[in-house]
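S.K.: Dock chain B against the given chain A, drawing on the hints supplied.
Going line by line, the protein sequences match chains A and B. Everything in the first sequence is counted per my numbering, starting at 1 for the first residue and increasing by one. Everything in the second sequence is counted per my numbering, starting at 1 for the first residue and increasing by one.
These are computed hints drawn from the structure, not numbers from a lab. Just so we're clear, the structure is a prediction, and the values are computed from it rather than from any experiment. If a hint is listed, it holds; no wrong ones were tucked in.
Below are the DSS-like pairs computed for lysine-lysine, each with C-alpha atoms no more than 30 Å apart in a straight line:
1. Lys45/A - Lys67/B
2. Lys43/B - Lys107/A
3. Lys45/A - Lys107/A
4. Lys42/A - Lys78/B
5. Lys42/A - Lys67/B
6. Lys42/A - Lys43/B
7. Lys42/A - Lys107/A
8. Lys39/A - Lys43/B
9. Lys107/A - Lys39/A
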Amino acid sequence: DIQMTQSPSSLSASVGDRVTITCRASQGISNYLAWYQQKPGKGPKLLIYGASILQSGVPSRFSGSGSGTDFTLTISSLQPEDVATYYCQKYNSAPITFGQGTRLEIK
Amino acid sequence: EVQLVESGGGLVQPGGSLRLSCAVSGFTLSSYEMNWVRQAPGKGLEWVSYITSSGSGTTIYYADSVKGRFTISRDNAKNSLYLQMNSLRADDTAVYYCARDRSWSGNPGYFDYWGQGTLVTVSS
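Just chain A, with the same shape it has in the complex (with noise of 0.2 Å):
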């Protein structure tokens, strides 16, 4: 199975700044990635598909670029209400792989 790999696993950065998650897969998926965006005790929210697609209702700040193995979601300017996880997720085939998660905080 195709394994995803986050990093880093956990974020501090202040309001304003632009942060970087990456995503690798341990093999070519094309543009087959996902990203979500994870809050306490929520359901996940989906940001961006076909590794750079951002989903109706996104915020702007919000990009995702890469495609084969290297993925990175970027958000621009840094907001409060960006605290979460972040998760990348395969879907070229099955079965479905997601990253570990990319906890996200503000300084």
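M.R.: This is chain B only, laid out in the frame that chain A set:
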């Protein structure tokens, strides 16, 4: 408004069974593939199972960790998705989410709507 509401979780002894339900509204269930995803306390997300929309050619996938013990099913007329869980183990303890799939490819894709989850605790 799209809504997914899970129910049926609770405390069960090891070796026991539980049936989870996911009631959907705001969209036509028969038009979408669906999934179950779980999250152990304080841990990350783990995909559990997938089912295609309907018909005689239904395709189902399971994670290796639940294959042979869990069964996914759906009743489009009742707008409901189900997960029958048998031979439960302590490591099945998790919040279980249902999630709407957007792949329409016969393979699980990405998930655009999730429920709030239902907690399953396996303990004696």
